[in-house]
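Student: In UniProt numbering, the protein residues as written are 1 to 157.
Note that these hints are calculated values from the structure, not bench results. Every residue gets a Cβ at the ideal spot worked out from N, C-alpha and C, and that includes glycine. Hints may be right or wrong, so weigh each one.
Label pairs and their in silico Cβ distance ranges [stated by the list, open to error]:
(1) F51 - D86: 13 to 21 Å
(2) V142 - N91: 16 to 24 Å
(3) N91 - G144: 14 to 22 Å
(4) G144 - A11: 35 to 43 Å
(5) P151 - Q44: 30 to 38 Å
(6) G56 - P128: 21 to 29 Å
(7) P124 - N91: 34 to 42 Å
(8) D86 - T126: 22 to 30 Å
(9) K30 - P62: 17 to 25 Å
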Amino acid sequence: MDATAVRRSPAHIAAYLEGHNVVRAAHGVKPLQWSPHFANLAEQWADACNFKHTDGVLSDKPYGENIVAATGPFSVHAAMGTFIEDAADFNPHHPHFTHYTQVLWESTTELGCASSVCKDLLGPSTGPATLYVCLYDPPGNVVGGMRQNLPSVFHHS
1 MDATAVRRSP AHIAAYLEGH NVVRAAHGVK PLQWSPHFAN LAEQWADACN
51 FKHTDGVLSD KPYGENIVAA TGPFSVHAAM GTFIEDAADF NPHHPHFTHY
101 TQVLWESTTE LGCASSVCKD LLGPSTGPAT LYVCLYDPPG NVVGGMRQNL
151 PSVFHHS
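Please build the complete structure, drawing on both the sequences and the hints.
Tutor: Below, the structure written as C-alpha coordinates:
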(Lines of atoms letter the chains of each structure in order from A; the text may use other names.)
(Lines give C-alpha, C1' and ligand atoms only; values in the text may rest on other atoms or scores of the structure.)
Protein backbone atom coordinates (compact mmCIF):
# COMPACT_ATOMS: atom_id res chain seq x y z
CA MET A 1 0.00 0.00 0.00
CA ASP A 2 1.50 3.35 -0.97
CA ALA A 3 1.84 6.29 1.44
CA THR A 4 -1.23 8.10 0.06
CA ALA A 5 -3.41 5.01 0.46
CA VAL A 6 -2.18 4.56 4.04
CA ARG A 7 -2.96 8.20 4.88
CA ARG A 8 -6.49 7.78 3.52
CA SER A 9 -7.11 4.39 5.10
CA PRO A 10 -10.18 3.77 7.24
CA ALA A 11 -7.85 3.21 10.21
CA HIS A 12 -6.28 6.67 9.85
CA ILE A 13 -9.66 8.35 9.38
CA ALA A 14 -10.99 6.52 12.44
CA ALA A 15 -7.95 7.62 14.48
CA TYR A 16 -8.48 11.28 13.54
CA LEU A 17 -12.17 11.11 14.40
CA GLU A 18 -11.60 9.17 17.63
CA GLY A 19 -8.93 11.64 18.76
CA HIS A 20 -11.50 14.39 18.51
CA ASN A 21 -14.78 12.64 19.32
CA VAL A 22 -13.68 11.01 22.58
CA VAL A 23 -12.93 14.48 23.97
CA ARG A 24 -16.13 15.93 22.52
CA ALA A 25 -18.21 13.11 24.02
CA ALA A 26 -16.66 13.69 27.45
CA HIS A 27 -18.08 17.22 27.26
CA GLY A 28 -21.44 16.22 25.79
CA VAL A 29 -20.59 17.64 22.36
CA LYS A 30 -21.87 15.93 19.20
CA PRO A 31 -19.28 13.90 17.27
CA LEU A 32 -17.58 15.23 14.16
CA GLN A 33 -18.11 13.59 10.78
CA TRP A 34 -15.34 13.03 8.22
CA SER A 35 -15.10 15.53 5.36
CA PRO A 36 -13.32 14.16 2.26
CA HIS A 37 -13.31 17.71 0.87
CA PHE A 38 -11.44 19.18 3.83
CA ALA A 39 -9.20 16.10 4.02
CA ASN A 40 -8.13 16.82 0.44
CA LEU A 41 -7.41 20.46 1.31
CA ALA A 42 -5.48 19.39 4.41
CA GLU A 43 -3.49 16.96 2.27
CA GLN A 44 -2.53 19.75 -0.16
CA TRP A 45 -1.18 21.84 2.73
CA ALA A 46 0.58 18.93 4.43
CA ASP A 47 2.17 17.75 1.18
CA ALA A 48 3.55 21.25 0.60
CA CYS A 49 5.24 20.89 4.03
CA ASN A 50 3.90 24.22 5.26
CA PHE A 51 4.34 24.27 9.04
CA LYS A 52 2.19 27.35 9.49
CA HIS A 53 -1.49 28.20 9.45
CA THR A 54 -3.08 28.50 6.04
CA ASP A 55 -4.69 31.88 6.76
CA GLY A 56 -7.71 30.67 4.79
CA VAL A 57 -6.00 30.34 1.39
CA LEU A 58 -7.26 26.80 0.69
CA SER A 59 -10.94 27.67 0.23
CA ASP A 60 -13.31 30.57 -0.29
CA LYS A 61 -15.37 29.04 2.52
CA PRO A 62 -14.04 29.76 6.04
CA TYR A 63 -12.64 26.83 8.00
CA GLY A 64 -10.81 26.22 11.25
CA GLU A 65 -7.47 24.50 11.56
CA ASN A 66 -5.04 22.78 13.89
CA ILE A 67 -1.47 21.98 12.83
CA VAL A 68 1.26 20.04 14.63
CA ALA A 69 4.58 18.44 13.70
CA ALA A 70 7.24 16.32 15.39
CA THR A 71 10.27 14.23 14.55
CA GLY A 72 10.62 10.54 15.28
CA PRO A 73 7.68 8.21 15.67
CA PHE A 74 4.61 10.49 15.71
CA SER A 75 1.36 8.64 15.22
CA VAL A 76 -2.07 10.04 14.41
CA HIS A 77 -3.05 9.25 18.01
CA ALA A 78 -0.08 11.21 19.40
CA ALA A 79 -0.73 14.14 17.08
CA MET A 80 -4.40 14.33 18.05
CA GLY A 81 -3.33 14.16 21.69
CA THR A 82 -1.30 17.34 21.26
CA PHE A 83 -4.48 19.18 20.26
CA ILE A 84 -5.96 18.61 23.70
CA GLU A 85 -2.81 19.08 25.80
CA ASP A 86 -3.70 22.69 26.50
CA ALA A 87 -7.05 21.72 28.09
CA ALA A 88 -5.62 22.18 31.59
CA ASP A 89 -4.61 25.73 30.70
CA PHE A 90 -8.17 26.80 29.90
CA ASN A 91 -9.39 29.40 32.36
CA PRO A 92 -13.03 30.51 31.95
CA HIS A 93 -12.17 33.79 33.70
CA HIS A 94 -9.47 34.55 31.10
CA PRO A 95 -10.48 32.44 28.09
CA HIS A 96 -8.33 32.27 24.99
CA PHE A 97 -8.43 30.23 21.81
CA THR A 98 -6.33 27.08 21.64
CA HIS A 99 -6.08 23.80 19.73
CA TYR A 100 -8.34 22.38 22.46
CA THR A 101 -11.09 24.96 22.00
CA GLN A 102 -11.16 24.21 18.25
CA VAL A 103 -11.54 20.48 18.99
CA LEU A 104 -14.51 21.16 21.32
CA TRP A 105 -16.20 23.93 19.32
CA GLU A 106 -19.84 22.82 19.34
CA SER A 107 -20.97 24.32 16.01
CA THR A 108 -18.19 22.49 14.15
CA THR A 109 -19.64 19.39 12.48
CA GLU A 110 -16.95 18.15 10.09
CA LEU A 111 -13.27 17.33 10.16
CA GLY A 112 -10.72 16.57 7.45
CA CYS A 113 -7.08 15.77 8.26
CA ALA A 114 -3.92 14.69 6.51
CA SER A 115 -0.25 14.17 7.24
CA SER A 116 3.02 14.23 5.39
CA VAL A 117 6.63 13.42 6.23
CA CYS A 118 8.72 16.50 5.47
CA LYS A 119 12.50 16.82 5.27
CA ASP A 120 14.03 19.39 7.64
CA LEU A 121 10.61 20.81 8.55
CA LEU A 122 11.76 21.73 12.06
CA GLY A 123 15.28 22.73 11.06
CA PRO A 124 18.16 21.34 9.02
CA SER A 125 19.62 19.30 11.88
CA THR A 126 16.37 17.62 12.95
CA GLY A 127 15.80 15.31 10.00
CA PRO A 128 12.35 14.36 8.73
CA ALA A 129 9.26 15.36 10.69
CA THR A 130 5.63 14.32 10.36
CA LEU A 131 3.26 17.23 9.80
CA TYR A 132 -0.42 16.83 10.66
CA VAL A 133 -3.04 19.27 9.37
CA CYS A 134 -6.70 19.16 10.46
CA LEU A 135 -9.36 21.44 9.00
CA TYR A 136 -12.75 22.07 10.60
CA ASP A 137 -16.13 23.07 9.18
CA PRO A 138 -17.68 25.33 10.26
CA PRO A 139 -14.65 26.95 11.86
CA GLY A 140 -14.23 27.20 15.59
CA ASN A 141 -12.37 29.77 17.64
CA VAL A 142 -14.57 32.53 16.26
CA VAL A 143 -14.36 35.83 18.11
CA GLY A 144 -17.57 36.41 20.06
CA GLY A 145 -18.65 32.75 19.89
CA MET A 146 -16.80 31.19 22.79
CA ARG A 147 -19.58 31.07 25.42
CA GLN A 148 -22.15 29.72 22.94
CA ASN A 149 -19.81 27.06 21.53
CA LEU A 150 -17.93 25.99 24.66
CA PRO A 151 -20.61 25.98 27.38
CA SER A 152 -19.44 22.64 28.76
CA VAL A 153 -15.92 23.99 29.25
CA PHE A 154 -17.19 27.09 31.01
CA HIS A 155 -19.56 25.00 33.13
CA HIS A 156 -16.99 22.34 34.15
CA SER A 157 -14.07 24.68 34.75
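Student: All hints are to be evaluated individually against the structure, with a verdict given for each.
Tutor: Right, here's what the structure says about each hint:
no.	hint	result
1	F51 - D86: 13 to 21 Å	18 Å, holds
2	V142 - N91: 16 to 24 Å	19 Å, holds
3	N91 - G144: 14 to 22 Å	18 Å, holds
4	G144 - A11: 35 to 43 Å	38 Å, holds
5	P151 - Q44: 30 to 38 Å	34 Å, holds
6	G56 - P128: 21 to 29 Å	28 Å, holds
7	P124 - N91: 34 to 42 Å	38 Å, holds
8	D86 - T126: 22 to 30 Å	23 Å, holds
9	K30 - P62: 17 to 25 Å	20 Å, holds
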